[in-house]
Amino acid sequence: MELHHGRMFDHVHLQVRDLEASKRFYRAVLEVMGIPVFNESERHFAADELFISNDREPTARVHLAFQAKDREMVHRFHQAAVAAGGRDNGAPGERSYHPGYYAAFVLDPDGNNIEMVHHGPAKRSAPSVVYTW
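Using the numbering used here, the letters of the sequence shown map in sequence onto residues 1 to 133.
Some clues are possibly wrong.
[What the hints assert, rightly or not] FRET-style restraints, in silico, Cβ to Cβ:
| no. | residue 1 | residue 2 | range |
| --- | --- | --- | --- |
| 1 | T132 | G93 | 39 to 45 Å |
| 2 | G120 | E42 | 39 to 45 Å |
| 3 | Y97 | S128 | 23 to 29 Å |
| 4 | R95 | R61 | 26 to 32 Å |
| 5 | A126 | P58 | 17 to 23 Å |
| 6 | H63 | D18 | 18 to 24 Å |
| 7 | H11 | K69 | 20 to 26 Å |
| 8 | K123 | E57 | 37 to 43 Å |
| 9 | E42 | A126 | 17 to 23 Å |
| 10 | P127 | H63 | 20 to 26 Å |
| 11 | E94 | A21 | 26 to 32 Å |
I should point out that these hints are in silico values taken from the structure, not numbers from a laboratory.
Just so you know, even glycine gets a beta-carbon here, dropped at the ideal spot from N, CA and C.
Given the sequences, and given the hints that come with them, work out the whole structure.
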């Protein structure tokens with residue numbers, strides 16, 4: 001088995017009201033990033049560090065920011081997320097947070113603020129950390 005991990009956290013667990021609506025939304029967003037769902041049941045699904053289920057009360061509002069490879073990915077994210085049931089919360093564009101901060105914001109089916117951000121040209125040392133066992 002091979003498992004890829006990002007760089008900051010082990011996982012984020014969101015509790016949602018409507019699992020099917022969340023599957024449509026997050027599958028569309030994850031497809032833009034090229035990240036597959038690797039585990040799924042009637043009560044949950046998981047992709048990379050993101051775990052989503054509907055077995056408890058929904059998570060209180062969170063802000064989750066995905067990393068974009070470029071500005072075009074930010075645009076594709078915004079378009080795909082809105083088309084999959086998300087609500088616009090900030091069209092793609094420069095933000096004043098720091099020079100080069102280019103982002104878009106969409107509210108997911110539970111009202112969580114989902115962002116995709118590109119911080120400008122950079123080179124990654126590796127796409128992810130890979131665990132093999």
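Hints and how they fare:
For T132 and G93, the Cβ-Cβ distance of about 40 Å falls inside the hinted range of 39 to 45 Å, so the restraint holds. Roughly 42 Å separates the CB atoms of G120 and E42, a value that falls within the hinted 39 to 45 Å. A C-beta distance of roughly 25 Å is found between Y97 and S128, which places it inside the suggested range of 23 to 29 Å. Restraint check, R95 to R61: a C-beta distance of roughly 20 Å breaks the suggested window 26 to 32 Å.
Taking 17 to 23 Å as the suggested C-beta distance range, the pair A126 and P58 does not conform, at roughly 34 Å. Here the CB-CB span from H63 to D18 is close to 20 Å, well matched to the stated 18 to 24 Å. At roughly 22 Å, the beta carbons of H11 and K69 sit within the given window of 20 to 26 Å. Here the CB-CB span from K123 to E57 is close to 42 Å, well matched to the stated 37 to 43 Å.
One distance hint, 17 to 23 Å for the beta-carbon pair E42 and A126, is violated here, with the actual separation near 35 Å. In this structure the supplied range 20 to 26 Å holds for P127 paired with H63, their Cβ-Cβ distance being about 24 Å. One distance hint, 26 to 32 Å for the beta-carbon pair E94 and A21, holds here, with the actual separation near 31 Å.
Violated hints, in rising order: 4, 5, 9; the structure is consistent with all others.
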